[in-house]
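Below, each chain spelled out in residue letters.
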Amino acid sequence: MRELLVVSGKGGTGKTTLTACLAALDGQKVIADGDVDAADLFILLKPEIRLRREFKAGYVAFINRETCSRCGACAERCRFEAISEVYEVVPTECEGCGVCARVCPEQAISLQERICGEWYVSETRFGPFVHARLSPGQENSGKLVALVLHQARVLAEEQGIPWLLVDGPPGIGCPVISAMAGAGAVLIVTEPTPSGLHDLRRVAELASHFLLPRAGCINKWDLNPHMTAEIEGFCKDQGIPIVGRIPYDVTVSRSLVARQILQEWAPESAVAREIREMWERLQAFVPEV
Amino acid sequence: MVIAVASGKGGTGKTMVATNLAHLLGNKAQIIDCDVEEPNAHLFLFPVVDKITPVTLPVPEVDLSKCTFCGKCAQVCHYKAIVVVGRQVLTFRELCHGCGGCSLACPEGAIREQPRLLGILEEGRSQNLMYAGGRLRVGEAMSAPLIKAARKLARPDKTVILDAPPGTSCPVIATLKGVDFCLLVTEPTPFGVNDLLLALEVVRSLGLEHGIVINRADLGNGELEKICEEQGLHVLMSIPEDRSIAESYSRGQLITLTHPGYRRAFGKLVESIGKILGKNATKPVTRPQRGLESKTTPAGRKT
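Chains as they are written, first to last, in the numbering used here: chain A, 53 to 341; chain B, 117 to 419.
If you are wondering where the hints come from, they were derived from the structure by calculation, not from laboratory data.
Misleading hints may appear alongside valid ones.
[To be verified] Coverage of chain B stretches by chain A, computed from C-beta distances (three or more under 8 Å per stretch; other residues unrestricted):
| id | stretch |
| --- | --- |
| 1 | 177 to 183 |
| 2 | 275 to 284 |
| 3 | 306 to 317 |
| 4 | 347 to 355 |
[What the hints assert, rightly or not] Computed footprint of chain B on chain A, listed as stretches where at least three residues anywhere in the stretch have a Cβ under 8 Å from a Cβ of chain B:
| id | stretch |
| --- | --- |
| 5 | 113 to 124 |
| 6 | 169 to 182 |
| 7 | 205 to 213 |
| 8 | 257 to 268 |
| 9 | 290 to 301 |
| 10 | 317 to 328 |
[What the hints assert, rightly or not] Only pairs whose alpha carbons sit at most 25 Å apart, straight line, appear in this in silico BS3-like list of lysine-lysine:
| id | chain 1 | residue 1 | chain 2 | residue 2 |
| --- | --- | --- | --- | --- |
| 11 | B | K144 | B | K342 |
| 12 | A | K98 | B | K264 |
| 13 | A | K195 | B | K264 |
Just so it is clear, the structure is predicted and the values come from calculations on it, not from any experiment.
Positions of the beta carbon are idealized from the N, C-alpha and C atoms, including for glycine.
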């Protein structure tokens, strides 16, 4: 099987749009959305949900007001400022470590499982799609990403599907680290802006910690050809092949507004052609594992 | 006053709005870059950084000469960050949340805590604007504690502008909690709309005053404007799709400098925020303020 993870560091460089375009190209694949806290790929893939499951992860402390003697032992030991002045747990701060429950002399604190969101296995016109929705404000997005990718890999193996295409989260923190663990290769989508280059450096360094083969794609490259040259220079030094250079074209945004995938909406546009060529290059680039 | 600039979706223009706003306010303001995974505000403000402070998390180190391999530490750890295998204790520093549970549970006092570097805080100035921000160490998974540390650098005498990370999970909560106002920057695409609605859930659950900035405004089909109206949202500013703005951004330039008309637009944005906050200050707050408790937590109790 081959597994390609699309990342960017900086948000909004075109990960999801590009992933949807690649999904629409030839070849059987499983598709997964690894951006669980602002999942958008479903908007373009229009999945039919076949399986829906609750995502539970971690714990949140609960203080029984009847038995609590307001001694303050819990608040003193809590390192996350998760216990308020009136001895109530602040769910957004609680890490579910259980220290409060152990130090409570009245045994007034219990830990409850936290429901953080949902995950789904769906059908799309391009193949099976595994995705999720983290409830807004929840924690454990890294664990949910790991779960989604695990399910997608199992599905690919069971059905003998040779490709797994993953839309990754932005940033370099826990969800990205989760998505990179076990990936086959990364495609870094960047743009010729100072933020694009700065964030590319950091996410490329992270991918190299995981010893992952890295390829680059410069979106809207002609917005600033000088910056594009700088990015290409960086990639050359790092041994990151540039597999795609996509021009700035408002057609892309218009296809999104129409909720359509560019490859289907304007297959003969310059951008769609470039993406087809990029997919060819990726066939040779992503290793079989 | 603390104003956060957030979005849900990445790349909608948070940093552009935050840096232009802060630059316009100049010596009255302080900008804090809370997008610690990918901090970008400095690329447009060119601050001179004169102070760097490491931020760490306490993680366990076991003194094997005192350890009896009873396994209590592993039993209490909810993160599988410490494991006892035969006469060996393995610690997984990267998995540790720094709760201190293991050292508390150890009957032999064999566990000491050592710092793990999360990242750094940078402080400095961009001309007369105060600058601060966090920068996560590449390879570190936990950004929320670093964001909380960055927020503690907020100056009470300034209008503090927070450049928030994208998304809707814990790093965003760490940035938004207890701010006076949240600006949500969005764009009229289905992605922009979907992520705006998710971000609104977060902002509302925290009981924050909020307003909308629509970027690339003329791209859409009216769906976003309709939702803003239905949801009773204040649209405080609209920026049209304009290749020359994208080009300025790609050169690291502020649009209030390259497109002087935007000085007035950003000035008006500040006024609108002031009006919303001023109007509401005169009437009692009746809305539940869930999630704001830590604002009233006595300082200095932590770690």
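Against which earlier hints does the structure fall short, listed by number upward?
Hints 1, 4, 5, 6, 7, 9, 10, 11 and 12 not satisfied by this model.
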